[in-house]
Amino acid sequence: MTKKQERDRARRRWEKQQATAAARAAKRDRTRRVAAIVATVAVVAALVGGLAIALRPDEPDKPQQTAAGCEQPPAPLGTAAKLDLPDKATAKGAMWTATLTTNCGDIVLDLDGAKAPQAVASFIQLARADYWLRSPCQRLGVGDGFKLLQCGDPTGTGQGNPGYGFGVENAPKDGTYPRGSVAMARTQDPAKGNGGQFFLVNGETSLPDPNGYTIFGTITKGLDIVDKVAAAGVQPGGESETIGAPNAPISILRVAVTEKKA
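One point on numbering: in numbering that gives the first Met the number 0, the residue at position 33 of the sequence shown is 32, and numbering is uninterrupted.
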């Protein structure tokens with residue numbers, strides 16, 4: 000073997016050794032990077048997992064202070080619905096009885112299908128579709144001239160709707176809503192602003208909107224439940240000191256509606 004061949008052989012051996020060393024270094028670097036990524040993912044997963052547990056709708060937060068005789072409300076299901084507006088003929092111009100089973104007991108309503116046929120037809124449809132299953136009442140008014148409990152949004156945010164809207168019916172001309180009345184809550188659009196939300200009035204309430212709000216029923220039983228929730232006041236950070244989420248939570252568990260016999 001010539002000296003040139005020996006040098007070439009030595010050079011190839013050296014290049015092979017360098018390539019092997021470089022491959023091992025690259026492997027070690029990849030291992031370190033993977034380990035770092037795994038550690039980071041583990042931390043993030045732990046944090047996200049903790050948030051997921053905290054925010055899961057089927058696992059309520061720590062027990063809330065309820066009014067006397069009330070059970071802990073269930074976590075809201077956050078129902079999303081895309082229903083069609085029912086024919087107002089569904090109300091048949093008849094009287095209906097609706098039973099709102101809540102975590103505080105039953106609230107019973109008489110619904111007037113003659114004076115507010117579209118609102119009552121909508122209420123019947125939503126009740127039969129279990130739209131209000133585990134639905135929190137998210138807004139309470141306890142001030143003078145504004146005493147009501149607003150319910151009917153399954154998300155509990157006040158932004159949910161059943162996927163349709165309809166106009167105002169049977170609104171009082173003087174803007175006064177007597178104790179015990181049941182009326183539709185709505186957006187600023189009087190033509191299509193009604194949906195699934197409604198309010199239960201537990202003290203004479205004045206709402207001087209020129210278009211008014213649909214009165215479609217009266218409370219025949221359970222008004223004392225609304226009074227009890229109202230007596231606990233509102234949570235801080237709401238719309239005002241007298242309007243906000245109720246301190247004593249109340250949720251609709253289910254709703255049953257039947258036609259009253261003549």
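Among the hints, a few may not be true.
Claimed, not checked - Taking lysine-lysine and the DSS-like style, the derived pairs with C-alpha atoms no more than 25 angstroms apart in a straight line are:
(1) Lys260 with Lys172
(2) Lys91 with Lys227
(3) Lys87 with Lys172
(4) Lys91 with Lys114
(5) Lys87 with Lys114
(6) Lys87 with Lys227
(7) Lys220 with Lys259
(8) Lys220 with Lys114
(9) Lys260 with Lys81
(10) Lys81 with Lys220
(11) Lys227 with Lys114
(12) Lys91 with Lys220
(13) Lys220 with Lys260
(14) Lys114 with Lys191
(15) Lys260 with Lys114
(16) Lys91 with Lys81
(17) Lys191 with Lys87
(18) Lys81 with Lys172
(19) Lys191 with Lys220
(20) Lys114 with Lys172
Said to hold, decoys possible - What follows is a list of derived Cβ distance ranges for each label pair:
(21) Pro209 with Ala80: 12 to 20 angstroms
(22) Ala255 with Gln64: 38 to 46 angstroms
(23) Asp173 with Ala261: 26 to 34 angstroms
(24) Lys191 with Pro235: 29 to 37 angstroms
(25) Gln187 with Ala80: 16 to 24 angstroms
(26) Gly142 with Gly92: 31 to 39 angstroms
(27) Pro62 with Asp105: 17 to 25 angstroms
(28) Ala261 with Gly157: 33 to 41 angstroms
(29) Lys91 with Ser239: 39 to 47 angstroms
(30) Pro171 with Gly68: 17 to 25 angstroms
(31) Gly92 with Gly68: 16 to 24 angstroms
These aren't lab readings, by the way, just hints derived from the structure by calculation.
Bear in mind that the values here come from a model prediction, so they are computed numbers and not experimental data.
Using N, Cα and C, we set each Cβ at its ideal position, and we do this for glycine too.
Now the hints, each set against the structure:
1. Lys260 with Lys172: violated (30 angstroms)
2. Lys91 with Lys227: violated (34 angstroms)
3. Lys87 with Lys172: holds (23 angstroms)
4. Lys91 with Lys114: Roughly 11 angstroms separates the two Cα atoms, so the pair holds.
5. Lys87 with Lys114: holds (11 angstroms)
6. Lys87 with Lys227: Given that 25 angstroms is the threshold and the Cα spacing comes to 34 angstroms, the pair is violated.
7. Lys220 with Lys259: holds (15 angstroms)
8. Lys220 with Lys114: holds (21 angstroms)
9. Lys260 with Lys81: violated (32 angstroms)
10. Lys81 with Lys220: violated (31 angstroms)
11. Lys227 with Lys114: Given pair Lys227, Lys114 is violated - Cα atoms ~30 angstroms apart, limit 25 angstroms.
12. Lys91 with Lys220: holds (24 angstroms)
13. Lys220 with Lys260: Roughly 18 angstroms between the alpha carbons, so the hint for Lys220 and Lys260 holds.
14. Lys114 with Lys191: holds (18 angstroms)
15. Lys260 with Lys114: Holds, because 17 angstroms separates the two Cα atoms, which is no more than 25 angstroms.
16. Lys91 with Lys81: It holds: about 24 angstroms lies between the C-alpha atoms, which stays within 25 angstroms.
17. Lys191 with Lys87: holds (14 angstroms)
18. Lys81 with Lys172: violated (32 angstroms)
19. Lys191 with Lys220: violated (30 angstroms)
20. Lys114 with Lys172: holds (14 angstroms)
21. Pro209 with Ala80: 12 to 20 angstroms: violated (30 angstroms)
22. Ala255 with Gln64: 38 to 46 angstroms: The hint (38 to 46 angstroms, Cβ to Cβ) is violated, given that Ala255 and Gln64 are roughly 29 angstroms apart.
23. Asp173 with Ala261: 26 to 34 angstroms: holds (31 angstroms)
24. Lys191 with Pro235: 29 to 37 angstroms: holds (34 angstroms)
25. Gln187 with Ala80: 16 to 24 angstroms: holds (22 angstroms)
26. Gly142 with Gly92: 31 to 39 angstroms: This hint holds: roughly 36 angstroms between Cβ atoms.
27. Pro62 with Asp105: 17 to 25 angstroms: The hint (17 to 25 angstroms, Cβ to Cβ) holds, given that Pro62 and Asp105 are roughly 23 angstroms apart.
28. Ala261 with Gly157: 33 to 41 angstroms: holds (37 angstroms)
29. Lys91 with Ser239: 39 to 47 angstroms: holds (41 angstroms)
30. Pro171 with Gly68: 17 to 25 angstroms: violated (32 angstroms)
31. Gly92 with Gly68: 16 to 24 angstroms: violated (37 angstroms)
Of the numbered hints listed earlier, those contradicted by the structure are 1, 2, 6, 9, 10, 11, 18, 19, 21, 22, 30, 31.
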